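Engineer: All chains, please: the whole structure from these sequences, using the hints.
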Amino acid sequence: MNKVKKRGLEKAYQKSGWSFISIAVVMVLVFNIYPIVNSLMLSTMTGKGVVMRFNGLGNIKRLFVDTVFQTALKNTFTFFIIQVPIMILLSLIIASMLNEPKTKFKSLFRTAIFLPCVTSLVAYSVLFRSMFSFDGIINKFLLSIHIIADPIPWLLDPFWAKVTIILAITWRWTGYNMIFYLAGLQNIDPSIYEAARIDGASKFKQFTKITVPMLKPVILFTTIMSTIGTLQLFDEVVNLTGGGPGNSTLTLSQYIYNLSFVFTPNYGYAATISYVIVFIVAVLAIIQFKIGGSKDE
Amino acid sequence: MKKILSVMIILALVLSLAACGNNEEASGSMEIKEDGKITIWAWDPNFNIAIMEEAKARFADMYPDMEIEIVDYAKGDLEQKLHTNLASGVTTGLPDIVLIEDYNAQMYLQSYPGSFADLTGKIPHNDFVDYKTELMTLDSKVYGVPFDSGVAGFYYRSDVLAEAGYGAADLENITWDDYIKIAQDVKDKTGTAMLAFDPNDGGLMRIMMQSAGQWYTDAEGNPSLATNKALIEAVEVYREIANSDWIKPTSGWGEWVGAFNSGDTASVITGVWITGSVKAEASQSGQWAVAPVPRLNVEGSKNASNLGGSSWYVLDSSENKGAAVEFLKETYGKDVDFYQKILVDRGAVGSFKPSQTGSAYSEADPFFNGQKVYADFSKWMAEIPAISFGTYTYEADAAIFANMGEVYNGGSIEDALKKAEEQLKSQIQ
Numbered sequence: 012m013n014k015v016k017k018r019g020l021e022k023a024y025q026k027s028g029w030s031f032i033s034i035a036v037v038m039v040l041v042f043n044i045y046p047i048v049n050s051l052m053l054s055t056m057t058g059k060g061v062v063m064r065f066n067g068l069g070n071i072k073r074l075f076v077d078t079v080f081q082t083a084l085k086n087t088f089t090f091f092i093i094q095v096p097i098m099i100l101l102s103l104i105i106a107s108m109l110n111e112p113k114t115k116f117k118s119l120f121r122t123a124i125f126l127p128c129v130t131s132l133v134a135y136s137v138l139f140r141s142m143f144s145f146d147g148i149i150n151k152f153l154l155s156i157h158i159i160a161d162p163i164p165w166l167l168d169p170f171w172a173k174v175t176i177i178l179a180i181t182w183r184w185t186g187y188n189m190i191f192y193l194a195g196l197q198n199i200d201p202s203i204y205e206a207a208r209i210d211g212a213s214k215f216k217q218f219t220k221i222t223v224p225m226l227k228p229v230i231l232f233t234t235i236m237s238t239i240g241t242l243q244l245f246d247e248v249v250n251l252t253g254g255g256p257g258n259s260t261l262t263l264s265q266y267i268y269n270l271s272f273v274f275t276p277n278y279g280y281a282a283t284i285s286y287v288i289v290f291i292v293a294v295l296a297i298i299q300f301k302i303g304g305s306k307d308e
Numbered sequence: 008m009k010k011i012l013s014v015m016i017i018l019a020l021v022l023s024l025a026a027c028g029n030n031e032e033a034s035g036s037m038e039i040k041e042d043g044k045i046t047i048w049a050w051d052p053n054f055n056i057a058i059m060e061e062a063k064a065r066f067a068d069m070y071p072d073m074e075i076e077i078v079d080y081a082k083g084d085l086e087q088k089l090h091t092n093l094a095s096g097v098t099t100g101l102p103d104i105v106l107i108e109d110y111n112a113q114m115y116l117q118s119y120p121g122s123f124a125d126l127t128g129k130i131p132h133n134d135f136v137d138y139k140t141e142l143m144t145l146d147s148k149v150y151g152v153p154f155d156s157g158v159a160g161f162y163y164r165s166d167v168l169a170e171a172g173y174g175a176a177d178l179e180n181i182t183w184d185d186y187i188k189i190a191q192d193v194k195d196k197t198g199t200a201m202l203a204f205d206p207n208d209g210g211l212m213r214i215m216m217q218s219a220g221q222w223y224t225d226a227e228g229n230p231s232l233a234t235n236k237a238l239i240e241a242v243e244v245y246r247e248i249a250n251s252d253w254i255k256p257t258s259g260w261g262e263w264v265g266a267f268n269s270g271d272t273a274s275v276i277t278g279v280w281i282t283g284s285v286k287a288e289a290s291q292s293g294q295w296a297v298a299p300v301p302r303l304n305v306e307g308s309k310n311a312s313n314l315g316g317s318s319w320y321v322l323d324s325s326e327n328k329g330a331a332v333e334f335l336k337e338t339y340g341k342d343v344d345f346y347q348k349i350l351v352d353r354g355a356v357g358s359f360k361p362s363q364t365g366s367a368y369s370e371a372d373p374f375f376n377g378q379k380v381y382a383d384f385s386k387w388m389a390e391i392p393a394i395s396f397g398t399y400t401y402e403a404d405a406a407i408f409a410n411m412g413e414v415y416n417g418g419s420i421e422d423a424l425k426k427a428e429e430q431l432k433s434q435i436q
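In order, the protein sequence lines correspond to chains A and B. Each number in my numbering comes from the position in the first sequence (counting from 1) with 11 added on. Each number in my numbering comes from the position in the second sequence (counting from 1) with 7 added on.
No lab work stands behind these hints: they were computed from the structure. Be aware that a few hints might be false.
[As the list claims (entries may be wrong)] Anything over 10 Å on all C-beta distances counts as not near chain B; from chain A, calculated:
hint : residue
1    : Phe-31
2    : Ile-71
3    : Ala-160
4    : Pro-224
5    : Ile-235
[Said to hold, decoys possible] Which residues of chain A face chain B? A partial, calculated answer using Cβ under 8 Å:
hint : residue
6    : Gly-60
7    : Pro-169
8    : Phe-272
As the structure is a prediction and not an experimental result, all values here were calculated from the model. Ideal Cβ positions, reconstructed from N, Cα and C, are used throughout, including at glycine.
Structural biologist: So, in structure tokens, the structure goes:
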């Protein structure tokens, strides 16, 4: 008698539970899942604007012969490999410095380093563009303190353009990651550091043997976030260098934009490239999870 | 009680959401709704928008109840919105009239068939310059109303050139080799750079190619880069200019205009639409003059070319199509006085043939030291070789400049152009 009642009650709970979330599920299906499936189908088509025809795996074949795509891929990876480690390391060092009890004006530094993160991406890119122009402030400053003899062609040379982008991104996002690390550092018991100091460990040893291992989950999180962000880099390259001299700072996202709005629109091929980004992000995330080893701490 | 209230609120919200979706009206007929509304999208408030405002004022005299709204967008934003709306098939967000750059005309017409109104026979296209009407024709149907010509000129500071020993007669009908020699001389004798140059901008390249009757694609639309004699010479000239000491390297519109406004450079070679920007520096009045653009050595090259230029198109989904067409016909397709006014005020050289005999076109401009610049531009406009821009202009430009770095460093031009052609071929679908 009780069992029947229980099953009936459970059924009622199930029914009301499902009916409550059904609206949300429908919305997710319509606004999230449907576009994803649709874009997958779109990536099998090619053509001009709305005049499209079925192309099967043709778009994927095209990826292998498309030199612009390969350049964009190389550039995106270059930015990823150079910028992410530098920024993560910088954020870690700054965070641990700001975590020291002896540091003065902590909140001032914290605010100052975090402030770039609340600026508009477009606004700061445009400003950086004028600062790094051939006769902009940066060159004038470097010339005046005699570090260089000739102005550096920041935005006109393929190598320097990449450097400028990396500088811009690092300036923008270091503070963001720093905040995560600062929060993580609050969870480390200062007595561990005291014990290490008593045992004679140098600051560097403390950093590498205590701070980094204890912050592993936070570092993993920020690394994946930074990876995704850098692989989708768009605002800075479009507003600072416009894809750079030649295609030297062209990123995958900008190439997708070009294929849709600048060149003759080929929405199918653009969709294919966006799936390339998805694939790369997925692979890198899996790798980082494996290295981070979150399961067996 | 609370439950009933919350259910009522949710119901109200859901219903208002449903009401948000507009019903699409069937595309309008050609009758003119006298109290209707026309929405126009364009860029450049100092030029296109200002000129449209003038046209709007004139049309208001004829149809006082018609409401005309002119919306100003940045060119890139306008193109993005246009693509998004046309690709989605939802026409409620589209304007009635839109400005489209001539290089993109065929691309829009071929990518979104049926989106633009067929204006064959509704606008007096024979009264417009040939090269403008040709570029907006697809399958024998003409789709737009030609607007400004980008007829190019060689603007120079007559005082600086005079200091180096060059007068107007020395600059008539020169070749690019002559220009380079003059530029070096000007730099050596006066210390002023001759040209603001962006090594990644293809504007000058397009001027050079069109002056020789060539383009990135041939008449059938096939890529023509590696064997294109005009392009090969243009790339050579680019290399010489880029590696010289008489240029000021710039990047972007602001720096480029700033270079000649500030007096850092003594010349600028581009379309006539730069006149407004040149004149913006009032202190230089009387010190500028305009000569015909230099020509290439390649056979068939003229001292006349074009850069840019755009035209007005009517969207087929417009609810007030009839009024939109009537508006364009009465102003751009008929009003000769309108063309005089926009020439004097904005330096807009229209492509409406009957307007070119008007008074403003033969006036002497004090900013250019009394030179009858517009008479000159009209003369050159008639000589511009008519070519088809195809649909892949920007892809070709990107392909070429992706490989220009090697060229600037002394690499082989043939190899660079071969690579560019490979890249362009893979873009063509």
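Engineer: Could you run down the list of hints and mark each one as holding or not?
Structural biologist: Here's how the hints hold up against the structure:
1. With a least CB separation of 12 Å from chain B, Phe-31/A remains clear of the 10 Å interface cut-off, as annotated.
2. No Cβ of chain B comes within 10 Å of the Cβ of Ile-71/A; the nearest lies about 13 Å off, and the non-interface call holds.
3. Look at Ala-160/A: its CB is around 16 Å from the nearest CB on chain B, clear of 10 Å, so calling it non-interface holds up.
4. For Pro-224/A, the shortest C-beta to C-beta distance to chain B comes to about 45 Å, beyond the 10 Å cut-off, and the non-interface label holds.
5. In this structure Ile-235/A is separated from chain B by more than 10 Å, as the shortest Cβ-Cβ distance comes to about 30 Å.
6. Below 8 Å, beta-carbon pairs count as interface contacts, and Gly-60/A has one with chain B at about 2 Å; its hint therefore holds.
7. Look at Pro-169/A: its Cβ gets to within about 6 Å of chain B, closer than 8 Å, so that hint holds up.
8. Residue-level restraint check for Phe-272/A holds (minimum Cβ-Cβ distance to chain B is 5 Å; threshold 8 Å).
Of the hints listed earlier, there is not a single one the structure fails to meet.
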